[in-house]
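Line by line, the protein sequences are chains U and D. By the working numbering, the letter at position 36 of the first sequence is numbered 48, and the numbering carries on one by one without gaps. By the working numbering, the letter at position 69 of the second sequence is numbered 72, and the numbering carries on one by one without gaps.
Hints are supplied without guarantee of correctness; some may be wrong.
Stated by the list, open to error - Restricting the straight-line Cα-Cα distance to at most 30 angstroms, the calculated cross-link-like pairs of lysine-lysine (DSSO-like) are:
| id | chain 1 | residue 1 | chain 2 | residue 2 |
| --- | --- | --- | --- | --- |
| 1 | D | 42 | U | 57 |
| 2 | D | 152 | U | 57 |
| 3 | U | 204 | D | 152 |
| 4 | D | 6 | U | 52 |
| 5 | D | 42 | D | 152 |
| 6 | U | 168 | U | 204 |
| 7 | U | 57 | U | 168 |
| 8 | U | 168 | U | 52 |
| 9 | D | 42 | U | 204 |
Honestly, the hints are just simulated from the structure, not real lab data.
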Amino acid sequence: MRPFGYYAPRTLEEAVALLRELGEVARPVAGGTDLVAQMKEGRAKFRYPDMLVSLAGISEMQGIDFGESAGLRIGAGTRLADVAGSPVIRDRYRALADGAGLIGSVQTMNMGTIGGNICNAAPSADTAPALLAYEAEAVIVGRDGRRSVPIEEIFKGPGVTALEHGELLAELRLPAPVPNTGSVYRRHTPRKQMDIAVAGVAAVITVESGVITRARLALGAVGPTPFRARQAEATLEGSRANDDAFTRAAAAAANECSPISDVRGSAEFRQHLVRVMTETVVREAVLAAGA
Amino acid sequence: MPKQIINVRINGEAHEVAVEPNWTLLETIREALGFTGPKEGCGTGDCGACSIILRGPQDERGRLLTSCLMLAPQADGAEITTIEGLAADGTLHPVQQAFIDAGGVQCGFCTPGMVMAATALLDSNPNPSLEEIQRGLAGNLCRCTGYTKIFAAVEMAAQRMRSS
Numbered sequence: 013m014r015p016f017g018y019y020a021p022r023t024l025e026e027a028v029a030l031l032r033e034l035g036e037v038a039r040p041v042a043g044g045t046d047l048v049a050q051m052k053e054g055r056a057k058f059r060y061p062d063m064l065v066s067l068a069g070i071s072e073m074q075g076i077d078f079g080e081s082a083g084l085r086i087g088a089g090t091r092l093a094d095v096a097g098s099p100v101i102r103d104r105y106r107a108l109a110d111g112a113g114l115i116g117s118v119q120t121m122n123m124g125t126i127g128g129n130i131c132n133a134a135p136s137a138d139t140a141p142a143l144l145a146y147e148a149e150a151v152i153v154g155r156d157g158r159r160s161v162p163i164e165e166i167f168k169g170p171g172v173t174a175l176e177h178g179e180l181l182a183e184l185r186l187p188a189p190v191p192n193t194g195s196v197y198r199r200h201t202p203r204k205q206m207d208i209a210v211a212g213v214a215a216v217i218t219v220e221s222g223v224i225t226r227a228r229l230a231l232g233a234v235g236p237t238p239f240r241a242r243q244a245e246a247t248l249e250g251s252r253a254n255d256d257a258f259t260r261a262a263a264a265a266a267n268e269c270s271p272i273s274d275v276r277g278s279a280e281f282r283q284h285l286v287r288v289m290t291e292t293v294v295r296e297a298v299l300a301a302g303a
Numbered sequence: 004m005p006k007q008i009i010n011v012r013i014n015g016e017a018h019e020v021a022v023e024p025n026w027t028l029l030e031t032i033r034e035a036l037g038f039t040g041p042k043e044g045c046g047t048g049d050c051g052a053c054s055i056i057l058r059g060p061q062d063e064r065g066r067l068l069t070s071c072l073m074l075a076p077q078a079d080g081a082e083i084t085t086i087e088g089l090a091a092d093g094t095l096h097p098v099q100q101a102f103i104d105a106g107g108v109q110c111g112f113c114t115p116g117m118v119m120a121a122t123a124l125l126d127s128n129p130n131p132s133l134e135e136i137q138r139g140l141a142g143n144l145c146r147c148t149g150y151t152k153i154f155a156a157v158e159m160a161a162q163r164m165r166s167s
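One chain only, chain D, in its complex shape:
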């Protein structure tokens, strides 16, 4: 089957890219577009390391999803935000800064997905309870931190974002 042309906006920039039908969106973002923030952990939607925020042409708002399970052609017309798109004008996003300040990062492999999941959570719920944070991050595995400092980072980010 020939390659198919898809059009996506990634972190605000328009790209036209030729994809094979059997490429996942994650492969497309990493290999064809060069954004290596999203990681492949499990490849089957269990670990969340590939999490991105995607807004399809019919969607009212962006939604957090695992890009390893999405077929590249299904992303045609989408607006995509990866971890690379969070910082603005050289300043880290409050969620990124809070992960640093709270010590929510160890090896770093899960961090881009974790930060995207936390950002999506705070977009829809600016004042989450601890249980809501746990549910919001349930699809993201971390094998280093034991999660406690990640939850603390999200609480810190929520507080800072509400008071800014």
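Pulled out of the complex, with its shape left as it was, chain U reads as follows:
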């Protein structure tokens, strides 16, 4: 790798100050599984950083905390393996455990962080649909302190987030789980691991007395950003939880996605995947809700 300067701050405040002081030639690095690989690959569009600010030693960016009323807090520096393996996330936020457990290899998940998965802003990021469907909030730290932003507003385009230079994603906050709710994330890939989603679907569904009272659906890899499928949500809410409702939601989701054709699949194929997968994922979430 070409030379670069390296800083390892111990606090968020220090990291933010450093990034501002060094300017846009400096980039934050956490697990390095995306950034270091890009620095080595040296693609034409990639801007090689002059300085790296390592976030790995910042303890306030670590850890998973849960309270029945407070909900879930995940430090942005928490490794994907720890998110996927967390008993409380597996039990209460299943779709997020599903997504975090699919990224790359064991090695990737042991290095890569959930904050990195979000801030790289790949349309195919496997933790993004679940975070959207749980209506997570992103806590961002910058010069003027902290601000909390709905995760939906973080994604601005492929590789682009709402974070400005000198701002860092500090943690993610997920609301307390609603009773009688099931959640699932599935993706389609030709291989089971070491692959990138051709399409991904997350559903968080609440069922009471056989009726879907609340539905949150989010899609990945079928638009410029991961996004909420609101038309599909609307067809589900108030419907009885049956095959007819699942089919209508699937058609709505296929209608509201805007995939591109690339090496991983054509737009038509991706739209077909969204239809098939939405039906399956909603059915699975309904079953998980205990209906």
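Dock chain D against the given chain U, drawing on the hints supplied.
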């Protein structure tokens, strides 16, 4: 930028080493410390030939990672295990022995990473199913064996480790 001093324990032995920020941990282990077990295949975290087990100062346990993607300064304070650290008192680790007995080695380039991945898997899951073995080794490529004998080696090692 001047070199930075990092302290690591590698296979139980303490080392103080001066590293450039743009060195990877793999370069540090191979070039500065002389442990040539971990290999550079792709250099971008796809092939797993550089896999090692690293326990950082804050970690409860060691974790398998690709040392080609880790920046050397980020390893300060870590305990590192490479393939050289598996054999004890002249006896191969059961995973190493099983790779030999099952024929899981051909050219050998992927073997150190493969053995480290298998060792990390069996540390956390002593009785893995075939699918769990496949998932545990998904980040390690082998272009010779077709994997079948590697999976057999891991099954053999698991069985021997459970009954010993």
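Here is what the structure says about each hint:
The straight-line distance between the Cα atoms of residue 42(D) and residue 57(U) is roughly 29 angstroms, inside the 30 angstroms bound, and the hint therefore holds. For the hint linking residue 152(D) to residue 57(U), the alpha-carbon distance of about 42 angstroms lies beyond 30 angstroms, and the restraint is violated. Restraint check for residue 204(U) and residue 152(D): satisfied, since their Cα atoms lie roughly 20 angstroms apart, inside the 30 angstroms limit. Restraint check for residue 6(D) and residue 52(U): satisfied, since their Cα atoms lie roughly 20 angstroms apart, inside the 30 angstroms limit.
Only pairs whose Cα atoms come within 30 angstroms are accepted, and residue 42(D) paired with residue 152(D) is accepted, the gap being roughly 21 angstroms. Restraint check for residue 168(U) and residue 204(U): satisfied, since their Cα atoms lie roughly 29 angstroms apart, inside the 30 angstroms limit. Between residue 57(U) and residue 168(U) the alpha-carbon distance is near 18 angstroms, which keeps this suggested pair within the 30 angstroms criterion. This hinted pair checks out: residue 168(U) and residue 52(U) have alpha carbons roughly 26 angstroms apart, not beyond 30 angstroms.
In summary, the hint linking residue 42(D) to residue 204(U) is supported, as the alpha carbons are separated by about 25 angstroms, within the 30 angstroms threshold.
Violated hint for the displayed structure: number 2, the only one.
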